[in-house]
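Visitor: Work the whole structure out from these sequences, hints included.
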Amino acid sequence: MNAPIPPQNPPLLSVIDLKMHFPVRGGVLKKTKGTIYALDGISFTVREGETLGIVGESGCGKTTAGRTILRLYPPTSGSVIFEGKDLARIPKKILRETRRRMQMIFQDPFESLDARQTVYEILEEPFLIHGMGNPTERKEKIHQLLDTVGLQKSAASLFPHEFSGGQRQRIGIARAIALNPRLIVCDEPVSALDVSIQSQILNLLIELQRERGLSYLFISHNLAVVKYMSESIIVMYLGKIVEHAPAELIYQNPVHPYTQALISAIPVPDPTRKRRRALLSGDLPSPRNPPAGCRFHTRCPLVLDQCRREEPLLRCHEGDPDRRVACHRSTEGIKIW
Amino acid sequence: MKIDPATLKKIKRFQSIKRGYYSLIAISLFIVLSLFAELFINSRALLVRYDGRYYFPTYGEMIPGRVFGFDYDYETNYRELQKRFREAPSDDWALMPLVPYNPYENDLRQDDYPPFPPSFTEKHFLGTDTIGRDILSRLLYGFRTAILFSLALLFATYGVGISLGCLMGYLGGRFDLVFQRVIEIWTNVPVLYVIIIISSILVPNAMILLLIMAFFGWTSITWIMRTATYKEKTREYVLALKALGASDARIIFKHILPNTLSIIVTFAPFALSSGIVALTSLDYLGFGLPAPTPSWGELLQQGWSNMDAWWIASAVISAMILTLLTVTFVGEAVREAFDPKLFTTYE
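As they're listed, the protein sequences go chains A and B. Oh and the first sequence: position 80 is 117 in my numbering, straight run, nothing missing. Oh and the second sequence: position 188 is 195 in my numbering, straight run, nothing missing.
These aren't lab readings, by the way, just hints derived from the structure by calculation. Fair warning: this is a prediction, and the values are worked out from it, not measured in the lab. One or more hints might be untrue.
Stated by the list, open to error - For lysine-lysine, the following DSSO-like pairs were computed, each having C-alpha atoms within a straight-line distance of at most 30 angstroms:
(1) A:Lys56 to B:Lys238
(2) A:Lys130 to A:Lys178
(3) B:Lys16 to A:Lys190
Said to hold, decoys possible - Computed beta-carbon distance windows for the label pairs:
(4) B:Phe182 to A:Pro283: 44 to 50 angstroms
(5) B:Val185 to A:Pro328: 35 to 41 angstroms
(6) A:Glu244 to B:Ser254: 29 to 35 angstroms
Unchecked claim - Residues from chain A shown here face chain B by an in silico Cβ test under 10 angstroms; the list is partial:
(7) Val65
(8) Arg136
(9) Gln140
(10) Leu165
(11) Glu199
(12) Gly209
(13) Ala215
(14) Val222
(15) Tyr288
Beta carbons are placed, not taken as given, at the ideal position from N, Cα and C, and that holds for glycine.
Guide: Set out below in structure tokens:
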């Protein structure tokens with residue numbers, strides 16, 4: 038199932054059949070009444086210095102994926118190999134030390150900063166947690182960080198609420214890069230920002246990647262943003278990967294009907310251009326009770342009897358090791374628009 | 008340390024609610040005053056000059072009467088001393104406090120029975136109780152007992168409640184589940200009855216009474232703290248800290264606790280006033296602090312059974328109303344100033 042790794046950058050992060058199931062509890066004794074299959078077996082690799090994008094609509098498990106990979110949630114099963122060690126299994130002490138090299142940028146730059154701390158205190162926190170440096174060294178580092186993300190030194194004494202959304206996100210980025218991580222999970226980092234600010238933040242992220250050789254796992258519901266950032270893209274649906282392909286290819290030649298629908302829904306800034314759109318009917322089914330067979334079959338225009346019974350595996354598409362699709366009809370080359 | 012602007016705003020807002028702000032000043036003043044009660048209301052003189060020497064009897068060892076030329080070895084009666092100095096003019100003098108009676112002494116007279124009505128010449132400004140003790144003196148010392156007791160109770164229940172509630176909210180899972188049920192059972196125990204039963208078996212001193220009341224009083228703040236921690240724990244900044252590798256202790260003490268502080272503070276004045284009420288009712292019923300301790304409940308009981316001595320009941324009732332009203336005003340203002348609805352904005 039795993040594609041052979043081409044002679045490119047070495048892999049930094051390998052996710053193997055990762056599952057995260059949340060129990061649903063209820064009643065006086067909080068008995069488990071059901072399970073939410075938020076993440077149901079995903080596998081992929083992120084190479085050093087590269088960006089892997091994850092797209093999907095809300096509730097598809099992309100945020101859970103990011104958090105489980107950083108072991109903010111304990112995975113139900115599967116492995117997360119980071120720097121050759123399985124994060125799902127290493128002892129807490131080593132995990133704590135490893136956290137320096139993997140960080141996260143959050144969607145809501147206000148919620149993710151402690152409103153009671155000044156920017157200085159927020160940025161000092163990573164160093165204090167890992168007991169690094171003395172006060173003067175830390176001060177210098179913090180000023181460097183502020184400079185790197187394009188904020189004034191004077192920002193240090195202010196509180197988060199005194200900044201605009203974009204500036205707050207810069208603070209969040211500064212905190213994430215404080216300890217020189219190798220991997221950053223960006224969980225919808227620009228979704229809460231004005232469109233005019235989004236590109237500034239995206240460009241800052243790209244610049245940081247170039248300077249520091251960072252790897253990103255870039256999670257967003259916005260395909261255009263993901264395409265701008267990523268070398269390859271994973272499309273998720275109900276806790277599963279439905280398609281994985283290089284960014285350009287997924288745009289030009291999407292194979293999975295769900296990917297096709299997503300791409301046809303991207304707005305094009307040209308009012309004269311007429312397009313046919315593949316509109317999906319219905320809502321995302323509940324991850325508590327996912328449909329049998331192919332999870333997309335309830336909304337798929339190409340549905341066959343086989344799709345209702347049999348779950349399609351994620352397989353290489355047309356022999357290309359970089360392209361993986363999970364669809365019974367992927368070889369037929371049908372476009373739904 | 009820089010006070011964050013949200014807190015600053017809350018404090019400013021509290022100051023702008025005049026009734027609460029002045030009530031806070033008043034109640035703090037009362038408390039400070041009651042802590043130094045010996046300087047205002049006491050049978051010992053503040054300062055005595057005798058034979059060219061100065062004495063400060065207020066704090067410190069008892070000075071026997073022989074030192075000042077009386078023929079007894081028990082504590083000097085400073086009122087007598089002052090009278091003697093006045094009658095026989097000399098360089099000696101004694102400076103008495105405003106009210107020259109301590110809360111324990113019986114000021115008895117010939118040809119009459121207490122309670123004595125208020126009298127300025129006798130310096131019993133609010134009269135005496137049924138065994139001749141000065142009411143103003145007992146009121147102030149009783150206030151000190153009540154407020155210190157309530158504060159101690161507050162610290163005890165808050166100590167238990169905050170730590171346990173915080174752990175319940177933070178750890179969740181089975182620990183939370185077990186204590187949720189424990190609290191539900193606990194809150195259904197009728198506290199006053201239990202205290203009455205226990206007090207009728209053993210005579211409680213202040214410490215035992217405090218322990219009993221704290222034993223049953225920790226639940227409400229635990230509940231509140233659990234909810235507040237739960238809410239705070241799910242916020243993204245906690246996740247960000249975990250991603251940085253912060254320890255649980257660091258997250259709790261440096262981030263969650265300061266962020267829940269405003270909720271805890273809001274409930275404190277109400278807890279304080281309920282502590283005063285609980286102690287007073289126990290004392291009223293005779294199950295509270297042991298007998299000679301100055302207490303409002305005991306005064307209330309005296310007033311109730313001696314309605315013709317109107318000064319007893321009216322003094323203690325006015326004092327109760329004034330104190331509880333003041334504390335409640337403070338609580339109301341704190342609640343209004345800290346109301347999260349005023350500061351939460353969606354962006």
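Visitor: Taking the hints in turn, state whether each one holds.
Guide: Results of checking the hints against the structure:
1. A:Lys56 to B:Lys238: Given that 30 angstroms is the threshold and the Cα spacing comes to 26 angstroms, the pair holds.
2. A:Lys130 to A:Lys178: holds (25 angstroms)
3. B:Lys16 to A:Lys190: holds (25 angstroms)
4. B:Phe182 to A:Pro283: 44 to 50 angstroms: holds (48 angstroms)
5. B:Val185 to A:Pro328: 35 to 41 angstroms: For Val185 (chain B) and Pro328 (chain A) the Cβ distance comes to about 38 angstroms; the hint holds.
6. A:Glu244 to B:Ser254: 29 to 35 angstroms: holds (33 angstroms)
7. Val65: holds (8 angstroms)
8. Arg136: Check passed: Cβ of Arg136 (chain A) comes within 4 angstroms of chain B, closer than 10 angstroms.
9. Gln140: Because about 6 angstroms separates Gln140 (chain A) from the closest Cβ in chain B, which is inside the 10 angstroms limit, the hint holds.
10. Leu165: Where the cut-off is 10 angstroms and the nearest Cβ of chain B is about 8 angstroms from Leu165 (chain A), the hint holds.
11. Glu199: holds (8 angstroms)
12. Gly209: holds (8 angstroms)
13. Ala215: holds (8 angstroms)
14. Val222: Status holds, d = 8 angstroms.
15. Tyr288: Violated - the Cβ of Tyr288 (chain A) stays beyond 10 angstroms from chain B, reaching only about 31 angstroms at its closest.
Going down the numbered hints, you'll see the structure goes against just number 15.
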